[in-house]
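Chains as they are written, first to last, in numbering that gives the first Met the number 0: chain A, 0 to 399; chain B, 0 to 172.
No lab work stands behind these hints, which were simulated from the structure alone. Hints are not guaranteed to be accurate.
Unchecked claim - Here's a subset of chain A near chain B, in silico, CB distances under 7 Å, partners left out:
#, residue
1, I7
2, A13
3, N16
4, K18
5, H38
6, E233
7, L283
8, I285
Even for Gly, the Cβ is constructed at its ideal location relative to N, Cα and C.
Take a look at the letters that make up each chain.
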Amino acid sequence: MFENKSTIEEKLQALKNIKLKGEEKFRVRGELLSFIKSHPVREKASLRYQSYTQRPFWSLIIKNPYLKTMPIAILIALILGGSFSYAAEGSLPGSPLYPIKVGINEEVRGWFTVSEEAKARWESRRLERRLEEAEELALNGEISAEVKAKIEENFERHAEKVKSRIEEFESRNDFEAAADVSSNFETSLSAHEKILSGLLEDRKEASTSVRSLLEKVREQGKDAERKREKNEAEVSGESSVEVSAAAEGRMEAAENKIIEVRKFIERLREILGAEATLKAEARLKIAEGLVAEGKTKLEAGAFGEAFVFFQKAHRVAQEAKLLIEARKDLEINVRINGGVDVKSETEKQEGDELNRKENENIDRNEDSLSSGSNKEERTDKSDDEVKTGVKGGVKINLGF
Amino acid sequence: MVYPSYITRPMSEKELIDAYDMYADAIFRHCFFRVFNREKAKDMAQDVFVKTWGYISRGGEIKNIRAFLYKVATNLIIDESRKKRALSLDALMEEGFDFGADGREKAENIISAKEALTLVEKLDDNHREIVLMRYVEGLSPKEIAEILGETENMVSVRIHRGVKKIKELVKNV
Chain A
0 MFENKSTIEE
10 KLQALKNIKL
20 KGEEKFRVRG
30 ELLSFIKSHP
40 VREKASLRYQ
50 SYTQRPFWSL
60 IIKNPYLKTM
70 PIAILIALIL
80 GGSFSYAAEG
90 SLPGSPLYPI
100 KVGINEEVRG
110 WFTVSEEAKA
120 RWESRRLERR
130 LEEAEELALN
140 GEISAEVKAK
150 IEENFERHAE
160 KVKSRIEEFE
170 SRNDFEAAAD
180 VSSNFETSLS
190 AHEKILSGLL
200 EDRKEASTSV
210 RSLLEKVREQ
220 GKDAERKREK
230 NEAEVSGESS
240 VEVSAAAEGR
250 MEAAENKIIE
260 VRKFIERLRE
270 ILGAEATLKA
280 EARLKIAEGL
290 VAEGKTKLEA
300 GAFGEAFVFF
310 QKAHRVAQEA
320 KLLIEARKDL
330 EINVRINGGV
340 DVKSETEKQE
350 GDELNRKENE
360 NIDRNEDSLS
370 SGSNKEERTD
380 KSDDEVKTGV
390 KGGVKINLGF
Chain B
0 MVYPSYITRP
10 MSEKELIDAY
20 DMYADAIFRH
30 CFFRVFNREK
40 AKDMAQDVFV
50 KTWGYISRGG
60 EIKNIRAFLY
70 KVATNLIIDE
80 SRKKRALSLD
90 ALMEEGFDFG
100 ADGREKAENI
110 ISAKEALTLV
120 EKLDDNHREI
130 VLMRYVEGLS
140 PKEIAEILGE
150 TENMVSVRIH
160 RGVKKIKELV
170 KNV
């Protein structure tokens with residue numbers, strides 16, 4: 000009996016031979032890996048608190064590179080009361096509140112981004128803000144030498160930050176995230192290159208200020224393009240299970256982006272005018288064409304090529320959006336050129352209302368705990384700003 | 000990022016993949032002995048790990064990954080049995096089936112496995128499951144109790160009965 004039992008146990012052990020075949024196990028493993036990559040961990044509120052307490056407010060003031068030239072009076076007022084932070088949002092370089100916008104508001108917002116992708120996206124957004132500020136200044140006339148230098152310095156700083164985040168993703172072999180971030184980076188730079196060139200043509204006074212910035216933007220743009228191409232190649236070279244998942248994710252993102260930009264155009268149709276609307280829609284058609292081509296590649300099993308097509312479609316759509324946004328702001332300028340017209344005041348207010356609403360929606364999204372997933376972009380998580388009073392204006396041809 | 004001990008950190012990707020490497024076969028087997036269909040069992044096993052990651056990525060905590068995986072598998076099995084597929088181990092053995100041999104498996108292992116199957120063939124599902132969990136997967140009665148949501152006592156009794164049944168069957172052969 001004694002013997003019986005142990006023999007039975009031993010015999011039962013043989014059932015361990017029922018298992019997955021080596022190749023089956025490997026394949027399922029690959030699919031699991033893809034799934035994991037496309038569903039990154041959302042970090043909990045406790046972690047959010049953690050990173051906040053590790054960075055005391057005081058060191059933000061003392062060690063902040065942006066605040067070095069801030070007048071003491073403002074510093075004291077800031078510590079004593081909080082309303083400066085809100086007022087600072089619309090400030091431009093050269094204004095006394097500007098260091099608060101860049102050195103404090105933006106830094107604190109950075110604290111609340113949690114995932115690596117969200118951080119990278121925020122850095123890109125900061126870069127865009129610098130360019131938008133420069134464009135606004137250029138529109139109003141000349142930019143002084145010191146302000147110009149500051150703008151360029153900040154721009155370079157952000158660009159380097161974005162690039163180092165891309166490199167971090169690369170070093171962790173997360174080529175999809177690297178491709179995603181570098182693609183967005185490329186788009187921002189390319190759109191603003193066009194805007195700055197347009198400014199250069201139309202505003203001779205601003206030309207000296209804008210020219211060197213434009214050069215820098217072009218250079219960074221080339222860099223971004225190179226990085227994007229390199230990372231796309233890496234993604235294409237991954238195992239077919241991983242690339243097909245990446246391609247499908249990018250397809251979804253591209254399609255969502257197109258829908259989003261279309262809605263955006265719809266809302267702004269009246270402000271934009273017929274010509275700009277048509278041009279924007281033409282761009283979207285190109286993006287759709289690229290998606291269609293990508294789908295054909297997907298069906299043919301050429302996942303790497305499909306991935307590249309979908310990325311490009313996303314870029315084209317995103318660029319259309321950035322150009323419309325710039326156009327929208329400049330158009331508003333045009334309306335209130337010269338005198339204060341009741342009609343144009345309401346139109347300007349409408350434009351600001353739209354901005355504010357978008358801002359609220361996006362802040363709600365960004366402050367929520369959703370992580371930046373580079374595949375499942377539902378709404379645009381890139382940012383918009385409340386643009387306070389912009390004066391004067393000229394019709395700028397964006398070569399759109 | 001370094002986490003202090005009082006903040007539980009989410010399981011990392013690497014840890015789940017390690018768990019996969021260690022337990023995928025066991026989970027597959029566990030499912031197989033309920034659904035008696037290789038393909039289905041394979042899909043279910045994959046599903047277990049995918050669902051587990053879904054749970055982790057949404058902030059879920061896991062204290063014992065092995066037990067967790069079995070729990071998820073058990074739930075999937077319940078779902079499957081509701082769909083009802085009329086299969087039995089008998090029928091399967093009659094048809095003959097794929098042991099997952101890579102060709103490198105020794106013939107004698109396959110023979111032993113076939114022999115072992117005859118031992119558990121006639122058991123009912125519940126007894127079989129528990130006997131396999133105990134003697135093939137090496138789970139302790141306590142762990143089994145946790146996974147199945149039964150008392151430890153219940154589990155021990157059932158294991159005992161299962162083994163007794165096997166011995167009777169062997170004697171009668």
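Right, here's what the structure says about each hint:
Residue-level restraint check for I7 (chain A) holds (minimum Cβ-Cβ distance to chain B is 6 Å; threshold 7 Å). For the restraint placing A13 (chain A) at the interface with chain B, the shortest Cβ-Cβ distance is roughly 3 Å, inside the 7 Å limit, so the hint holds. Taking 7 Å as the C-beta contact cut-off toward chain B, the hint placing N16 (chain A) at the interface holds, the least distance being around 4 Å. Because the closest C-beta pair between K18 (chain A) and chain B is about 4 Å apart, less than 7 Å, the hint holds.
This hint holds: H38 (chain A) has a C-beta 5 Å from the nearest C-beta of chain B, less than the 7 Å allowed. A least Cβ separation of about 19 Å between E233 (chain A) and chain B goes past the 7 Å threshold, and the interface hint is therefore violated. Interface hint at L283 (chain A): violated, since its Cβ lies 33 Å from the closest Cβ of chain B, which is beyond the 7 Å cut-off. For I285 (chain A), the interface hint is violated, the least distance from its beta-carbon to any beta-carbon of chain B being 35 Å, above 7 Å.
Hints 6, 7, 8 from the list above are not met by this structure, while the remaining hints are.
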